[in-house]
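A.B. asks: Sequence:
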Amino acid sequence: MYQRKTIDTWEIWTNYGFGWEHECTEFNRHDAGDRRREYNENARCAVKIKRKREPLKNYTHDQLLDIREGNRKATRRWLDRIKAKRAKQVA
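Just so we're aligned: 76 in the numbering used here is position 76 of the sequence shown, and the numbers increase by one with no gaps anywhere.
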């Protein structure tokens, strides 16, 4: 059975007029989008998201379990939002 050797991460990059700088890294796209919205609202600078693949060997087993659990929670939040939108459309 195939096992991935990398993990997907999303980096938040900002440009305050002095070139692009890496601000933070998120482990799911939804959270990266939330961070981008926060930077756009508060910092008023150019913001972009870059997807990156990092080797799994850079993380311990416990860190990977935490990342996986965080992704599950983000997926649940996303599904709850979709259900709420559908409920509003039906009502």
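Since the hints were made in silico from the structure, they are not lab data. Keep in mind that this is a model prediction, so the values were computed, not measured. Mixed in with the good hints, there may be bad ones.
[As the list claims (entries may be wrong)] Computed list of lysine-lysine pairs in BS3-like fashion (alpha-carbon distance at most 25 Å, straight line):
hint	residue 1	residue 2
1	Lys-5	Lys-73
2	Lys-73	Lys-52
3	Lys-73	Lys-88
4	Lys-50	Lys-73
5	Lys-5	Lys-50
6	Lys-48	Lys-88
7	Lys-52	Lys-5
8	Lys-57	Lys-73
9	Lys-88	Lys-5
A.B. asks: State for each hint whether it applies.
C.D. replies: These are the hints, each one checked on the structure:
1. Straight-line distance between C-alpha atoms of Lys-5 and Lys-73 comes to about 23 Å, which keeps the hinted pair within the 25 Å bound.
2. With a CA separation close to 21 Å, the supplied pair Lys-73 and Lys-52 stays within the 25 Å bound.
3. This hinted pair checks out: Lys-73 and Lys-88 have alpha carbons roughly 23 Å apart, not beyond 25 Å.
4. The hinted pair formed by Lys-50 and Lys-73 meets the criterion: a straight-line CA distance of about 22 Å does not exceed 25 Å.
5. Between Lys-5 and Lys-50 the CA atoms are separated by roughly 19 Å; this keeps the pair inside 25 Å, and the hint holds.
6. Distance restraint check for Lys-48 and Lys-88: the Cα-Cα separation of roughly 32 Å exceeds the 25 Å cut-off, and the hinted pair is therefore not satisfied.
7. Under the criterion of a C-alpha separation no larger than 25 Å, the hint pairing Lys-52 with Lys-5 is consistent with the structure, at around 13 Å.
8. Restraint check for Lys-57 and Lys-73: satisfied, since their Cα atoms lie roughly 24 Å apart, inside the 25 Å limit.
9. Using a Cα cut-off of 25 Å, the hinted pair Lys-88 and Lys-5 is violated, with the two alpha carbons roughly 42 Å apart.
Of the numbered hints stated above, those contradicted by the structure are hints 6, 9, listed in ascending order.
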